[in-house]
Amino acid sequence: MSDLTRLTAAELATRIHTGDVSAVEAAQAHLDRIAEVDGEVHAFLHVGAEAALANAALVDEAIKAGTAPASPLAGVPLALKDVFTTVDMPTTCGSKMLEGWRPPYDATLTARLRAAGITIMGKTNMDEFAMGSSTEHSAYGPTRNPWDLSRIPGGSGGGSAAALAAFEAPLAIGTDTGGSIRQPAAVTGTVGVKPTYGGVSRYGLVACASSLDQGGPCARTVLDAALLHEVIAGHDPLDSTSIDAPVPAVVEAARIGAQGDLSGVRIGVVRELGGEGYQPGVRASFDAALRRLEKLGAEIVEVSCPHFEYGLAAYYLILPSEVSSNLARFDAMRYGLRVDKGASAEEVMAATREAGFGPEAKRRIILGTYALSSGYYDAYYGQAQKVRTLISRDFAAAFEQADVLVSPTAPTTAFPIGEKVDDPLAMYLNDLATIPTNLAGVAGMSVPSGLAEEDGLPVGLQVMAPALGEAVMYRVGAAFEAARDADEGGPLIARVPEVAK
Amino acid sequence: MPADSGPAVSGPDSRGPDSTGAISRDEVAHLARLARLAVTDDELDVFAGQLDVILGAVARVGEVAAEDIPPTSHAVPLQNVFRPDVRRPGLSQEQTLACAPAAEEGRFRVPRILGEEQ
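Protein chains in written order, with the numbering used here: chain A, 1 to 501; chain B, 1001 to 1118.
What the hints contain is simulated information worked out from the structure, not anything from laboratory work. What you are looking at is a predicted structure, and each value in this text was computed from that prediction instead of being measured. Virtual Cβ for every residue (Gly too), placed ideally from N, Cα, C. Incorrect hints may appear among the rest.
As the list claims (entries may be wrong) - Partial list, computed: chain A residues near chain B (C-beta under 8 angstroms):
#1 H46
#2 A49
#3 P104
#4 S325
#5 A332
#6 M349
#7 A384
#8 K386
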């Protein structure tokens, strides 16, 4: 493995911008690494080697010409979740429905990455249309967790998280509808951030559940995530739900946090997110994290969010309802798959959707159709929307008492591939702790907290902040990361085993 | 489309022994038709059981006393969002039709959409 693939994005960017290493060398080192390990890991659905090297060459030319880099991350390789449109690469969303589809336009996020000079290496694997917690619901086969290839890398953004943990890229992009950035980060020992809803443009992000979906940065360190956050965030007139407000100064916050002083910061432990249903090693790692945060000077308070226990139920009514509506666009007429079976448009549509969607997409479409049908609407969808209000109020009350809230990110470490794929409800429980932030539209991140004693697999600490309160969240995440790394003699990710071939 | 316009059918006879009674196999078949999914009999058997369990779990939202609580459809309070009324480039006809499963004479080519009697 080349040393270049072990660097953080910030370190690699410095070496590229000072002319010590070329962006082409950086891209090539990561392409070599992908060729070496991705047969086992299967993080990527598509690798765009030519375009990646071409972008890197442009960055090198600019540096040689003495031009200032387009961004602090210019020339750094990135793995893009295959749910954002890209004109030069297929966009499949992990579905047969969009196999080989070449979008005619770039997502705003894609365009911002290009404008920043970031080298997009390829598109990463995901649960179909971002529905799942294991990446087993991809139509193109599962991604494997670099910590243990027999285990899941989380989902839906398992490809992006695994690419980071396998050193195939130092940066990645995910989307988080109920935990699809944070849970994969937790189980792969990486960092993942779900920004405030509306903080990152959804234009060109293929919709799962529009009121919950949010793109965000994934990396191996908090500072790298912050640098990427500032590239992709900010108002976009093409997304009417995009927030027209300045992007929080998260890079500065991460640098301040890394100095290791959290005095004056109130950290709320959510009583309802922990305890029963959480693996003992996850609980132990979380308790140790609290002691570490206290040592950094933070004030630990307990908060109660009594409606969080209904979050999962509300989410699995609201999400399928939006999914059943959003996926109605796959009608075999204008783009995507068409199965010419039957004489009428309706028959062709039904045959195409039967062939093009996998079981989880079908389950959620049927569930959403049920929840929205007359006679059931008030009891299910309507009631879930009211519970959503109560969860937002719980957050508002908790943020009166604390600057950030913390919990374990996921109730367990990475489970074996195949263990939960036929038990949808068991799969849904993975998102128990991450779902409330999506329902309320607030921000959340997962930072590695350690390895679980019983299985030696990574555990994530979730830090949650009010809407547009990302700065304090990054500060706490960076302070925790710095203290953990100092105590343990290095970053957790350095302990990931070399991919067995 | 008369087949789709009826109420969701309730078929207690088709419920399995482990059913929570939330949803029957016939109802799942009806919903799949509404959603334009030509599911197989085997899928119906699997989905009916799974959806019954899921619905049993999500029905918990009914335990919350929320009569006077306003619903939230969207986490960020937003009024109407307007953009300046200026022309900007869109996709060309060629770009759009290049994505289509079938195109002819500058149009989408689609299967028959009207019945014989219409």
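Hints and how they fare:
1. Proximity of H46 (chain A) to chain B is violated relative to the hint, the smallest CB-CB distance being about 17 angstroms (cut-off 8 angstroms).
2. The beta carbon of A49 (chain A) is not positioned within 8 angstroms of any beta carbon in chain B (closest approach about 24 angstroms), and the interface hint is therefore violated.
3. At its closest, the beta carbon of P104 (chain A) sits 4 angstroms from a beta carbon of chain B; the interface hint therefore holds under the 8 angstroms criterion.
4. Evaluation of the S325 (chain A) hint against chain B yields a violated restraint, the C-beta minimum of about 10 angstroms exceeding 8 angstroms.
5. Here the hint on A332 (chain A) is kept, as its CB sits about 6 angstroms from the closest CB of chain B, short of 8 angstroms.
6. Below 8 angstroms, beta-carbon pairs count as interface contacts, and M349 (chain A) has one with chain B at about 5 angstroms; its hint therefore holds.
7. The restraint placing A384 (chain A) at the interface with chain B holds, with a minimum CB-CB distance near 5 angstroms, inside the 8 angstroms limit.
8. A distance limit of 8 angstroms between C-beta atoms decides the matter here; for K386 (chain A) the minimum to chain B is near 4 angstroms, and the interface restraint holds.
Going through the hint list in order, the structure does not satisfy hints 1, 2 and 4.
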